[in-house]
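Visitor: Listed below are the residues making up each chain.
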Amino acid sequence: MIEKKELMEKTKRFFVGNMVTIVFVALGILGFIYSGLSLPFFVNELFIRITRNSLLVLALIIPVLAGMGLNFAIVLGAMAGQVAIIVVTHWGIVGVKGFLLCMLLAVPVALIFGYLTGSLLNKTKGKEMIASLILGFFANGLYQLVFLIFIGTIIPMQNEVLVLSSGVGLRVTIDLTGGIKYAIDHIWRLTIPWAALSTSILTMLYISIKFYLSKTRKTIKQMTTAHLYYFSAAMLLALWSIYIMNTDSLFNMLRVPIITVLAILLVCLFTVFIMKTKLGQDLKTVGQDRHIATVAGINSNKVRLTAIMISTVLAAWGQLFFLQNLGTMSTYGSHEQVGMFSIAALLIGGASVSKATIGQALLGVVLFHTLFIVSPLAGRNVFGDAQLGEFFRAFVAYGVIGLSLGMHAWKKQIQARNSLKG
Amino acid sequence: MMERINEFYKNFGLPRLIIASFLILLCIAAAMVGLPLPALFSAVLVRFGMHGVLVLAMVPAIIAGIGLNFGLPLGILCGLLGGLISIELDLVGFNALATAILIAIPLAMLVGVAYGWLLNRVKGSEMMVATYVGFSAVSLMSIGWLLLPLYSPEIVWPIGRGIRTTIVLTGRYDKVLNNFLDFSIFGMHIPTGLLLFMLMICFLMWLFLRSSVGVAMKATGDNPRFATASGINVNKSRMIGTILSTVLGAVGIIVFSQSFGFIQLYQAPMFMGFGAVAAILIGGASVKKASITNVLIGTLLFQGMLVISLPVANKIMTLGSLAEISRIIISNGIILYALTQVSGGE
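Protein chains in written order, with our numbering: chain A, 1 to 422; chain B, 423 to 768.
Keep in mind the hints are simulated off the structure, nothing from the lab.
A hint or two may mislead.
Unchecked claim - To spell it out: a stretch of chain B is covered by chain A in this simulated footprint if at least three of its residues, at any positions, have a beta carbon under 8 Å from a beta carbon of chain A; those stretches are:
id	segment
1	552-558
2	721-729
To be verified - Label pairs and their computed distance ranges (CB to CB):
id	chain 1	residue 1	chain 2	residue 2	range
3	B	LYS710	A	ILE22	37 to 45 Å
4	A	THR173	B	ALA453	45 to 53 Å
5	B	LYS710	A	LEU236	26 to 34 Å
6	B	MET622	A	LYS412	36 to 44 Å
7	A	LYS355	B	LYS737	48 to 56 Å
8	B	MET531	A	PHE15	30 to 38 Å
9	B	PHE516	A	ASN18	41 to 49 Å
10	B	LYS737	A	THR294	52 to 60 Å
11	B	GLN763	A	LEU250	53 to 61 Å
12	A	PRO156	B	ILE607	46 to 54 Å
13	B	MET531	A	ARG189	42 to 50 Å
14	A	GLY95	B	LYS737	43 to 51 Å
Stated by the list, open to error - Some but not every residue of chain A turned toward chain B, in silico, with C-beta under 7 Å:
id	residue
15	LYS127
16	MET129
17	PHE137
18	ILE149
19	TYR230
20	ALA233
21	PHE391
22	GLY399
23	ILE401
24	GLY402
25	LEU405
26	TRP410
27	GLN413
This structure is a prediction, so every number in the text was calculated from the model and none was measured.
Beta carbons are placed, not taken as given, at the ideal position from N, Cα and C, and that holds for glycine.
Whole structure, please, built from the sequences with the hints as guidance.
Guide: Below is the structure:
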């Protein structure tokens, strides 16, 4: 009886705690049904968007853990990436070589931007988020000043493809076709069934080896429950992919960019690794309580600065991966929405202003972009107006950020009141 | 003498000094490139009156301790709705304007109550929450503009569904305030009605701030704990500040639209709050302190700069959008500056 009650309580807590995510899972499923899209088309579109956007969302995690809230200033990181692309495209270096050069060039620019952002956020403690949001707008003004006015007047640049015909200012869109478009994505691609098969085989191998090694040390029971689930899931996936390979399903035509996926995995591993180092521990301490951190001898300003600098560099690379997949860069627009969309995705995945995990980031990307793909079509099919779906999607992105910020502030206020009473 | 200059400098503030000198420079430049100064000054006056009420909407919010009200779009949306309904009722001239305002005020009060309730629950993070509440309200109302049951042919698209993105006010209440008792002097056109209306609202606000409710609000903003100790209901004071700010936003956008000659819907109100925030900060307000003087000086400096910089920039450099870019840099720069001036939790 008691067990049953406990289970009820547990389920309730699960639903309340993951409210936002559950609502978006439901919205995504409903939207998919009403959009009338075919599954292979949807999966393909979703995969493209996951590989395109994940890195930018992952860039948000470290500042959250450092207690600096959602870093709207990843917009500056995106700008750093675009500066690198402009330079490399101007030099005419293409393909993988061009892309690697972009990554290299973006680092110092992003580090400088990150340093400036971090310094500003250290001066606006407690108001980091609004400061980083406004900083994004401000930096956008400077960015336009440099690339729209200074190019051709103060900065000499001669390039008929990039510069406007008047000789001053860069063109509004820069075509990356023949440049760094698909530089990474097309190095190595596997069809979805093959990718699924290899993933599941690797997973099964990993679990088996772990299981074999642990047999001698730990009790078997501890290992099995969780791993059994993963193992059977992997097995099912493998069976499904073998089945699909032998049909003429459209899935066999769709291909996954393996190197990009590996890059995303690498950043995930990097984030896990960083949190285990001394720096990571300091980050967590500063994030939990700045005063305690100071007492413990941690230079919290320096730690916060480092967190923002890492985030900015990751965002710069994220924007590079984003643009090499997209293939065209909107010189004055590609970076503008990066902060908002990434943050909305992270929050939809279940993260909050003070807590974020890699799982939440990836789940958030899947859910947010599901909504992105289905909502215009669902809007048209249900209400007879595609525009309505688009407005709804914008409302969702803004609304989820507002809601999450509000809930967090409210919780903090209640906690403060309770601690005063106690 | 040095002391005096120093004191003046301290009172006037560095940002205001920079903007004011920039404005004077712009005026000199405008004269040098041969732009007609009287026409420019009349344009400045119009813009001053147009934006004045919207900027004034910041005062009650700042004084009540909510901070910069980035959620101004909430009030603006109520004002827009009022403006549309007055056209739907087929009203013309002063009647139309008055009806628009009278419809918008109760709407804005209702929204203000809800908004105030929310802001009372997120103390300390008001600005961020307000920004996103404003953004989401604008996107939600974008859906609203598509679905609202309004039928006047001036409002809806002739084909398809929903309300137009811009609605022309010619023949409705276009410039009714501007043209009230207007006259010309030294080649300058003075929009008397507009200026009078704005100054009247400023005066009402000035009176209100001296009433007992206004003083209680001020005390709340200055020091909430002290206010509680002296028996002031902090939440109520903040609520009044929020409602007033929202109502002023609604009235402000109607005044703005009648002067502009158009009602702009959908994404247009998204960033209107930022302009008002920048203006009052340039006027010398901070996140915690604001006065009517800040509103008047700030609106004049900010709008003056915008109006004069555009033709000057176009004369000097025919390319690009230098004026627009400098607006972005200056308005966001001043907000950032104000944020760094708030002493943090330490």
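Visitor: Are the hints correct? Go through all of them and say.
Guide: Results of checking the hints against the structure:
Coverage of a stretch by a chain is defined here by at least three residues with a beta carbon nearer than 8 Å to that chain's beta carbons; for the segment 552-558 of chain B and chain A the count is 5, and the condition holds. Given a C-beta distance limit of less than 8 Å, the hint that chain A covers the segment 721-729 of chain B is violated, as 0 residues qualify and 3 are needed. One distance hint, 37 to 45 Å for the beta-carbon pair LYS710 (chain B) and ILE22 (chain A), holds here, with the actual separation near 40 Å. Checked against the hint of 45 to 53 Å, the C-beta distance between THR173 (chain A) and ALA453 (chain B) comes to roughly 39 Å, which is inconsistent with it.
At about 60 Å, the CB distance of LYS710 (chain B) to LEU236 (chain A) disagrees with the hint of 26 to 34 Å. The hinted window of 36 to 44 Å between MET622 (chain B) and LYS412 (chain A) holds, with their beta carbons roughly 41 Å apart. For the pair LYS355 (chain A) and LYS737 (chain B), the supplied restraint of 48 to 56 Å holds, since their beta-carbon distance comes to about 54 Å. Judged by the Cβ atoms, the range 30 to 38 Å given for MET531 (chain B) and PHE15 (chain A) holds: they are separated by roughly 36 Å.
PHE516 (chain B) and ASN18 (chain A) have their C-beta atoms about 55 Å apart, which leaves the hinted 41 to 49 Å range violated. Distance hint check for LYS737 (chain B) and THR294 (chain A): the Cβ-Cβ separation is about 55 Å, which falls inside the suggested range of 52 to 60 Å. One distance hint, 53 to 61 Å for the beta-carbon pair GLN763 (chain B) and LEU250 (chain A), holds here, with the actual separation near 59 Å. Restraint check, PRO156 (chain A) to ILE607 (chain B): a C-beta distance of roughly 49 Å satisfies the suggested window 46 to 54 Å.
A hinted range of 42 to 50 Å for the beta carbons of MET531 (chain B) and ARG189 (chain A) is inconsistent with their spacing of about 59 Å. For GLY95 (chain A) and LYS737 (chain B), the hinted distance range of 43 to 51 Å is satisfied, since their beta carbons lie about 45 Å from each other. Of the supplied interface hints, the one on LYS127 (chain A) holds, with its beta-carbon coming within about 6 Å of a beta-carbon of chain B, less than 7 Å. The beta carbon of MET129 (chain A) comes within 5 Å of a beta carbon in chain B, closer than 7 Å, and the hint placing it at the interface holds.
The interface hint given for PHE137 (chain A) is met, as the beta carbon of that residue sits about 4 Å from the closest beta carbon of chain B, less than 7 Å. Hint on ILE149 (chain A) holds. Least Cβ distance to chain B is approximately 5 Å, under the 7 Å limit. Below 7 Å, beta-carbon pairs count as interface contacts, and TYR230 (chain A) has none with chain B, the closest being about 38 Å; its hint is therefore violated. The interface hint given for ALA233 (chain A) is broken, as the beta carbon of that residue sits about 37 Å from the closest beta carbon of chain B, more than 7 Å.
Taking 7 Å as the C-beta contact cut-off toward chain B, the hint placing PHE391 (chain A) at the interface holds, the least distance being around 4 Å. Satisfaction of the interface hint for GLY399 (chain A) is found here, the shortest Cβ-Cβ separation to chain B being roughly 4 Å, below the 7 Å cut-off. Satisfaction of the interface hint for ILE401 (chain A) is found here, the shortest Cβ-Cβ separation to chain B being roughly 5 Å, below the 7 Å cut-off. Nearest Cβ of chain B to the Cβ of GLY402 (chain A): about 3 Å, under the 7 Å cut. The hint holds.
Nearest Cβ of chain B to the Cβ of LEU405 (chain A): about 5 Å, under the 7 Å cut. The hint holds. Because the beta carbon of TRP410 (chain A) sits about 5 Å from the nearest beta carbon in chain B, less than 7 Å, this interface hint is met. Using the Cβ-Cβ criterion of 7 Å, the hint placing GLN413 (chain A) at the interface with chain B is satisfied: the shortest such distance is roughly 6 Å.
Hint compliance for this structure: hints 2, 4, 5, 9, 13, 19 and 20 are not met, and every other hint is.
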